[in-house]
Amino acid sequence: MNTLKRIRFRPKWRTLLCLTAPLLSFVFIKQEWAARLVAVNGVSLALTYLVFNYGLNPRSRILGTGGYFSVHKVSERTKKRMEYFWRGVIIVFGVGWLFFCVRTLIYDDIQFVRQGSPYAEHIDGRVTNNDTLFAMYFVLQGLLVKEDGQQPGNSYTAFLFPRIAHLGKTYRFTVAPKSGIILDFTEIPSEK
Amino acid sequence: MWSLPSRTGRRADRRVAAGPGVLTQMGQANSASNKWSGVADAFSRVATETNNTFQYPAYGHVNGQSIFLSAWLDNQPVSITGVGTNAMQWRAMMELAPGTHQLKVSALHPSGFYTAWTTNSFTNNIAYQATADSYDSAGNITTRVWKSPNGTVDRTQTLSWDARGRLHKVSERDSSNSGYDWTATYDGLNRRLSTATVSITNGVTLNLQPSNINQYYDPQVEFLELGVSYGLQTVWKLYGPDLNGRYGGLNGTGGFDAVSPYLNFFNPLISDFRGNVLAEITNGIVSWIPARPTGYGAVPGYRPVALTYGADMAQSSAWRGHWVDITGYHQIGLRPYDSISGRWLTYDSVWNQRDPNYYSFAGGEPIIGFDSDGRILIQQWQQAQQNMLAQGGVLNNLGAAGISAGYAAMQLFSIGSFAKNDVLADQNLAGQISDSQFWANASLNSGVALASVAVTGGSASLAVQGGMAALRVPAAFVAGGATIGVGGQAAVDVLVNQQFSGWNAYEYSAISGGIGGATAYLTGGNVYAGGAAGGFARTVLVQSQQMADDQRASFNYWLAGGETALGASPGLFGMNGFYSSVEKQILTKMENETIQNIAATTGENIFANQLMTGLPDIGVDVWKEAFGSSSEQGQQTFDLSGSSFNNSAYSPGALGGKR
Chain Z
1 MNTLKRIRFR PKWRTLLCLT APLLSFVFIK QEWAARLVAV NGVSLALTYL VFNYGLNPRS
61 RILGTGGYFS VHKVSERTKK RMEYFWRGVI IVFGVGWLFF CVRTLIYDDI QFVRQGSPYA
121 EHIDGRVTNN DTLFAMYFVL QGLLVKEDGQ QPGNSYTAFL FPRIAHLGKT YRFTVAPKSG
181 IILDFTEIPS EK
Chain H
1 MWSLPSRTGR RADRRVAAGP GVLTQMGQAN SASNKWSGVA DAFSRVATET NNTFQYPAYG
61 HVNGQSIFLS AWLDNQPVSI TGVGTNAMQW RAMMELAPGT HQLKVSALHP SGFYTAWTTN
121 SFTNNIAYQA TADSYDSAGN ITTRVWKSPN GTVDRTQTLS WDARGRLHKV SERDSSNSGY
181 DWTATYDGLN RRLSTATVSI TNGVTLNLQP SNINQYYDPQ VEFLELGVSY GLQTVWKLYG
241 PDLNGRYGGL NGTGGFDAVS PYLNFFNPLI SDFRGNVLAE ITNGIVSWIP ARPTGYGAVP
301 GYRPVALTYG ADMAQSSAWR GHWVDITGYH QIGLRPYDSI SGRWLTYDSV WNQRDPNYYS
361 FAGGEPIIGF DSDGRILIQQ WQQAQQNMLA QGGVLNNLGA AGISAGYAAM QLFSIGSFAK
421 NDVLADQNLA GQISDSQFWA NASLNSGVAL ASVAVTGGSA SLAVQGGMAA LRVPAAFVAG
481 GATIGVGGQA AVDVLVNQQF SGWNAYEYSA ISGGIGGATA YLTGGNVYAG GAAGGFARTV
541 LVQSQQMADD QRASFNYWLA GGETALGASP GLFGMNGFYS SVEKQILTKM ENETIQNIAA
601 TTGENIFANQ LMTGLPDIGV DVWKEAFGSS SEQGQQTFDL SGSSFNNSAY SPGALGGKR
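Residue numbers (this note's numbering), protein chains in the order written: chain Z, 1 to 192; chain H, 1 to 659.
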C-alpha cells in the first residue's frame, strides 16, 4: 500500500474557487431564494467561462498521454485532428449551455429585477423522481413534480440545496418560471 | 419499368453516381399504353407528370333508397361515394385509358333484397392527363393539378400539412367544383387515429354525414394497425409474423393473415410472397380480389379500391396489406405514399444514398424490399442493431445500446423541437405571436431538430460503421466506467431516493458509465471528457425513457447541462493528478533506470485504481515499461486477491491493450 501513501491530490484551485465563490451569496443575502438565484447565476457564468476557456484556450490539455495513445502509435497530425474534434464537442456543449440554459436564466434575472419576488411561480406538487449524479444532491437535484391530476410530471432543477426533496412527498416549490430552477421549497404535510 | 433522370436531374451535391435513382417512368415494357412518366425539377423532385391512364370522375343519381353503392369500370371495381340514403348523388372515380369503356353502377335497397343497376358505355378521347405538383418550403406537396391536353383543369388537390409534417387535410375538386374535404388526426406518436371525409357537390358542402374511419394500433408496435372502424362496423385484423419473420416487424406487411369483420366471424386471407393480399375466404368460399398489385402499387386500371368506398378491408388492402384512402394515397407508418407516381408525398429529412431525392420509395427497389414506416434509415439502424446483438459480445452489445441511445436522442430532440413548432402555430393562429415571430422561432426549432438528427444519425452511423474502432476500446475501460455508473446509481438510491430505482436506472447508469469509460480511453485518459460524456449520456437516456413512459413532460436542459458538468467534476478533485503522480513517479524512475521492475503490490494497487476509475491505460504503460517486450513476460507473478496471475493473464493484453 506504499503507492497509496504517495498519492498527492492536486485539485484545480482556481476552478474550484470559481465554482464555489458564488456560494458566498448564502452568507451575504438573507433571503434564501434570492441568494440561491445569485449563486446559480454565479456558478452558471463560471461554468460558461470554464467551458469556453477549456475549449478555446490553446494551452488547455485536451488529450492525455495514456489510454488509446499508450497502445497505438498516432501521428501528431492525427492527434491534432482529434484534439480539434474534442474542442469542437466542448464548444458545441458551451453554445448549447448558453442557449438552452443561461439564456433562460438571464431572462428570469431580468424579470426578477423588474418585478421582484412576485415574478416567481409557486407550485404545489408531489415529487415523483429525483435524479442526481453520484448522490451529490447538494449540488444538483433533477425533480419530476406532478401536480394534482397531472400525468406527465414537470421537470425542475434544484441547485445547491443542502436538503433532499424526498420521493412521494408534497412540497411547495418556488420556481423561476422560464428556466425551471427551484429557488426554494417547503414540505406540505400530508393530510391524514 | 423505371428509368433514371438525367445527370442534371439529380442532386449534384449528393454525388449520386449509382443505384436506381429517381423514378421517372412506369408502365409496361415496350408499350405506349398504360404509362406514367415524370420530370424531375432542379431538386430532383418529380414536379410534372404525364399519365395516359388517369383518374376521372363520373356522376349520377340514385332514384330511390339505397344503403350501398358499387361501381365497376370494364368489370373492375372502382371507388364510389354517395351521400344520404334517398335520391343520393354518387360520384365514382374511374381510371381511364383512351378508348371505349363501360361503367356499371349498382345500388342495394335498404331491405338487402334488391339491387338495381345501370350501365353506360362511352369513349374516352382524352389521350393523357398532365399533372403539375407544387411543393412548400419544407418539401411537402401542397397542390396537384390534373389537366387535359387542351388545358382544361380536370381535377385539383390541395394538401395541407401540420407542423410535424403530417398530412392533415386534402381538398379535392373537379371541374364542376365537386369533390371532398378529407381530414386526418394523429396521436403524439404520429400514428393516424382517424380520418373524416365530407362530400362536396357543386360547391355545396354536405357535412351532415361525414364518413369517418377510426384506426386502432398495437400498443407495443409503433404503426401496427389492429382494427379499423367505419360506419357501424369495426373490422379487426389478425397478424402472424411479417415478411421479416417477426410479429409487427414490418408493421403488418406479409403478416396480415385474416380479418374479423363481425363478432365470431373469421375470414382468412391468401397472400403472396410479398405480402400482397390476393383473396379472402368467407364461409369457405374463396373470393379473389380483382386488384393486380405491383411493386409500387398496382397495374393502372386494376388498383385497389378505397376502403369503405366500394371495398372492404381485404379488397382495399390488396397492395402489401395496406389499405388505400379515398385520396388515392396509402398511409404507411409515418408518411403518405402515392402509388401512382411511386413516391412519398413528404420530404425525408434524413438523407441516405438509396433516397437520392428524399422522396424515393424503398430505395427504388420495392420488389426486394419494403419501407413499412416511411423511415428506411431507421430500419437500417435497427437491422444493424439486431446483427450486433446476434453476434453477441460485450462490445457489440454496447454498440447496439449506442444505436438505441442515438435513436432515442434523435427522437427526443427532433420530436421535442417540432412539438414546439406545434405550440408556435397555435399561438400564431390565436394571434399571440406575429407571423415573423412564428417563422423565426419555427426555423430555429427546425434547425435544432435537423441538426440533432444529423448529429445523432452520424453518431449511430459511426457506432455501426466504425465497429472496428469500437472494438479497440479495451473492455476494462467500459467495465470500469460501467462500475462507476452502477456505483453512483446505488449511492443515489441509498442516500437520496432511499428506495430501489428499478433496473432501468442501473442499466442506463451502466451504459452511460461505459460510454464515459470509452470516451476517457479515446481522449488519452481525460477524466473530464469521460465523466462529462457519461453524465450527458445518462441524462439523455433517463430523460428520454421518462418521456417515452409519459412520466416527463419535457426535456430538462438544465439537468442535462448540470449532470454533464457534474460528471466532469471528478477531474477537478485530482483524479488526473492522482494517476499522473503514480504514473510519473514510476515511469520517471524507470526512465532514469532507477528501477527495473515494480513490486507486485504496486501492480495490485494500480490495477485496483484502474477498476475504480475505468482508466487502466496507466497500468498498460506501467507494465509496458516494467516488463518490456512480450518475450520478457512470464518472469513475474502477481498475487492478486488470493489468486495467482502470471503475466500472460495479467498483461496489457488482458487489460484490453495492445502490445
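Just so you know, these hints were derived from the structure itself, not from any lab. Any given hint might turn out to be false.
A few chain H residues that face chain Z, going by a derived Cβ cut-off under 10 Å, partial list only [unchecked claim]:
1. ASP187
2. GLY227
3. ASN556
According to the in silico footprint, chain Z covers these stretches of chain H (three or more CB under 8 Å from chain Z) [unchecked claim]:
4. 116-124
5. 279-285
6. 496-510
7. 517-528
Calculated from the model, a selection of chain H residues having no Cβ within reach of chain Z, i.e. all distances over 10 Å [as the list claims (entries may be wrong)]:
8. PHE43
9. ASP154
10. LEU206
11. VAL299
The beta-carbon is built from N, C-alpha and C at its ideal position, and this holds for glycine as well.
* To do: Kindly indicate which numbered hints from before are broken by the structure, ordering the numbers from low to high.
  => Of the numbered hints, 1, 2, 4, 5 do not hold.
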